[in-house]
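Please model the entire structure based on the sequences and the hints provided.
Number of protein chains: 2
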Amino acid sequence: MSGKVYLVGAGPGAPDLLTLRAARLLGEAGIVFHDALVNPEILALAGRAKLVPVGKRCGTHSTAQTFINKQLIDAARKHPVVVRLKGGDPMLFGRAQEEIDALSAAGIEVEVVPGITAALAASASLKVSLTRRGIARNVALVTPRIGKTERESDWMASAVAADTAVIYMGAGEADAIAKALIERGRAAATPVAVLENASLPCEQWHFGSLAELGEMAQRVGAGPAIIVLGDVLRERVHAESRVHELLRKAV
Amino acid sequence: MSGKVYLVGAGPGAPDLLTLRAARLLGEAGIVFHDALVNPEILALAGRAKLVPVGKRCGTHSTAQTFINKQLIDAARKHPVVVRLKGGDPMLFGRAQEEIDALSAAGIEVEVVPGITAALAASASLKVSLTRRGIARNVALVTPRIGKTERESDWMASAVAADTAVIYMGAGEADAIAKALIERGRAAATPVAVLENASLPCEQWHFGSLAELGEMAQRVGAGPAIIVLGDVLRERVHAESRVHELLRKAV
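Protein chains in written order, with the working numbering: chain A, 1 to 251; chain H, 1001 to 1251.
Everything labelled a hint here was simulated from the structure, so no lab data went into it.
None of the values given here were measured: they were computed from a predicted structure.
Honestly, I wouldn't trust all of these hints.
[As the list claims (entries may be wrong)] Across the chosen pairs, the derived CB separations fall in these ranges: (1) A:Trp205 - H:Ser1002: 23 to 33 Å; (2) A:Gln71 - H:Arg1024: 32 to 42 Å; (3) H:Glu1109 - A:Lys179: 32 to 42 Å; (4) H:Glu1109 - A:Pro40: 21 to 31 Å; (5) H:Lys1078 - A:Val251: 34 to 44 Å; (6) H:Gly1055 - A:His238: 37 to 47 Å; (7) H:Ala1176 - A:Lys50: 52 to 62 Å; (8) H:Lys1179 - A:His244: 40 to 50 Å.
No residue lacks a Cβ here, since even glycine has one placed at the ideal position from N, Cα and C.
In structure tokens form, the structure reads like this:
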């Protein structure tokens, strides 16, 4: 008899943005394999479990992935409930498919428990809806590849075509991203917000236009950051600029 | 003194896919204004609250929206905790901005609590990641407008450009959507899945190709349905076709 592996979304960071199902499974788990960026307060919910950190949220090397797969399979042969805890949602930029396929091939039952993805946490924190009547009827969630081949650069077509675009794991290459998107036809004046540490007490917002994105991203620290762009942000970015203008005059 | 209004995502339907924060706020609320489609088991968490249904999830008339805004403002003047509960996530196709803006204009504090959106619930249920190394680096979440002016039809550009597209509130016009997307350049053979009642025990999947979408959607019942399309689904759709083939031969 083999246990069951749950691929669980840890959400954006705040412990109470975990789902009820995720919290229950953490409590039941005999072992939890978690991304390095998962909040320790969330891990504390896994009171009975052995905690095994397995590399970084992004950039996991393929050898490392094979090793994670093997660890999950071995764990399911020992524990009835195995949790693989991933930042955000497992099915968005989370390499979940490789783990699902490896477990299925080994005859191990898998269940996926969705989590709040950073785009939704950012939108909530910003109080700006990602869609809006008459302004935005669609949203693209993309992760960039700068300087790669044309086929792999289709993320740009998606980020240019969408009314609202949310760019994951892009703050480190923000300047190149902004230049590439403007070159492909996105207006340089498109309002942009960059959010660092979404949903945590230390979260930080930076506002500006697409042309200013490179400069904005330089003010971002070491935490995970997300870039949101589109006309839905116009009023919010405008309001922030006015506040900055008043502060500058007051000094 | 005025209370605070929480715009809360109820998630896709399963009560335990609510966030911990949402569950806590429902328990504290003096009054809950909810979409018609919210699961009664979720409403049962609001033990002390007066429950006020406010129209349908989609298709809310603008006069009705103005009336909802007024009800929220009035409620915040009587109750410390007011919850506005919306299916899925409030900031995706949820008309949240109109409520946020009306409350802010009335000087009432607003907080948005994100929820699991149907695209993520569908992906989890299907066990197919929306992104996948070498196949899909981006996802578009769109809602269609069939037969409207060119400007308003930009949802198609986004659904065609994205590696994976998730179409909300489109099952009723599935045939026209498929024809429009194929005409705009999306391959007729693109694998498609339609999910009805995501995350609930009665959920139903339908698999096929974009060319078959119209016919697939005719088998969908009255529940909310979501359409997922893209190459990430190829193996899953292929496996389902083989099962169907075997079943047909066995009969």
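We went through each hint and held it up to the structure:
no.: 1; hint: A:Trp205 - H:Ser1002: 23 to 33 Å; verdict: 25 Å, holds
no.: 2; hint: A:Gln71 - H:Arg1024: 32 to 42 Å; verdict: 34 Å, holds
no.: 3; hint: H:Glu1109 - A:Lys179: 32 to 42 Å; verdict: 39 Å, holds
no.: 4; hint: H:Glu1109 - A:Pro40: 21 to 31 Å; verdict: 30 Å, holds
no.: 5; hint: H:Lys1078 - A:Val251: 34 to 44 Å; verdict: 42 Å, holds
no.: 6; hint: H:Gly1055 - A:His238: 37 to 47 Å; verdict: 31 Å, violated
no.: 7; hint: H:Ala1176 - A:Lys50: 52 to 62 Å; verdict: 53 Å, holds
no.: 8; hint: H:Lys1179 - A:His244: 40 to 50 Å; verdict: 49 Å, holds
This entry does not satisfy hint 6, going by the numbered hints stated previously; all others are met.
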